[in-house]
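The listed protein sequences derive, respectively, from chains P and V. If you read the first sequence in the numbering used here, its first letter stands for residue 1, the second for the next number, and so on. If you read the second sequence in the numbering used here, its first letter stands for residue 1, the second for the next number, and so on.
Each hint should be verified, as a subset may be incorrect.
Computed Cβ-Cβ distance ranges for the label pairs, DEER-style [stated by the list, open to error]:
1. P:F89 / V:S88: 27 to 33 Å
2. V:R84 / P:K75: 19 to 25 Å
3. V:H85 / P:V141: 39 to 45 Å
4. V:Q87 / P:D129: 39 to 45 Å
5. V:H85 / P:F89: 36 to 42 Å
6. V:F17 / P:D129: 27 to 33 Å
7. P:R83 / V:Q87: 20 to 26 Å
Derived from the structure by calculation, the hints contain no laboratory data. The structure displayed is predicted, hence computed values, not measured ones. Just so you know, even glycine gets a beta-carbon here, dropped at the ideal spot from N, CA and C.
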Amino acid sequence: MMLVLSALWTVLTRSLLRSAIALAFTSALLAMIIFRLNSPIAGIFELSVCSGLISVVFISAISLTHPLSWEEIFKHMRERRARFILLPFIIIFIGIILSMLNFKINPPQVMAVQENDARYILWNLRQLDLFGQMAILLAGVFGVIILFKERIKK
Amino acid sequence: MLWHFFVFIILLFIIGFYCILATYNLIRALIGIELLFKAVTLLLVLVGYIRGQTQLMQTFVITLIVIEVVMMVVAIGIILGLRRHNQSLDTRYLKNLKE
Chain P
1 MMLVLSALWT
11 VLTRSLLRSA
21 IALAFTSALL
31 AMIIFRLNSP
41 IAGIFELSVC
51 SGLISVVFIS
61 AISLTHPLSW
71 EEIFKHMRER
81 RARFILLPFI
91 IIFIGIILSM
101 LNFKINPPQV
111 MAVQENDARY
121 ILWNLRQLDL
131 FGQMAILLAG
141 VFGVIILFKE
151 RIKK
Chain V
1 MLWHFFVFII
11 LLFIIGFYCI
21 LATYNLIRAL
31 IGIELLFKAV
41 TLLLVLVGYI
51 RGQTQLMQTF
61 VITLIVIEVV
71 MMVVAIGIIL
81 GLRRHNQSLD
91 TRYLKNLKE
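Construct the complete structure from the given sequences, taking the supplied hints into account.
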């Protein structure tokens, strides 16, 4: 419940900075849920990378933009209110309907299988995926270098 | 109890989609995409928990987080480049491809 409320706060708040902080809070809550669902390594990644690193990137990007004037803020607020006023009602309506459906899902013990450790799977069974991840990281690094490359002055 | 997690996932999806559709601000659209990523992460972890394969799903989540971070950083770089060019983060001012 807190996760959905936090996500709503992220979307509905006017300030971009507050929105980025709310997103970090949502990530932290999600990490707690992931811990509860027996996935500690994924939880640590979520907490450190999504809640920490991405928030820092967002806040840095927001700090590089200029703030709006008061006139623009009031105009912007009116527009936003008109566009986002429906969202809480939609969420409450759909949430109530889905909660009333209440499908039964098998408990985990029924289908539990003997499985390897996450580290074993990552390093031994999914080696090629690691190369893929490295390629993605390199692509991201080169993308950022190209985006921020200064033009050579003649 | 587990069904409630699925309800939260669906609600997170709706919030993320609504944010992308209703906003004109590029950074806020990116925040909407981030919320969609969070819903997918929770879905993967929950499916792993139900099927009893949490370890395998953790590796998928790690891969997803790596992709998420790279996408976010590159997207923010593009947004800052656009802002430098247009002096605005509003998508309504993005007419450079059209003109």
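Checked hints:
1. Hint check: P:F89 to V:S88, Cβ distance near 31 Å, so the stated range 27 to 33 Å holds.
2. Our hint of 19 to 25 Å for V:R84 and P:K75 holds, since their Cβ atoms are close to 24 Å apart.
3. In this structure, V:H85 and P:V141 break the distance hint of 39 to 45 Å, their C-beta atoms being roughly 23 Å apart.
4. Checking the proposed 39 to 45 Å range against V:Q87 and P:D129 shows it holds: the Cβ atoms sit about 42 Å from each other.
5. Take V:H85 and P:F89: their Cβ atoms lie about 38 Å apart, and the range 36 to 42 Å holds.
6. For the pair V:F17 and P:D129, the supplied restraint of 27 to 33 Å holds, since their beta-carbon distance comes to about 28 Å.
7. Checked against the hint of 20 to 26 Å, the pair P:R83 and V:Q87 passes, with Cβ atoms roughly 23 Å apart.
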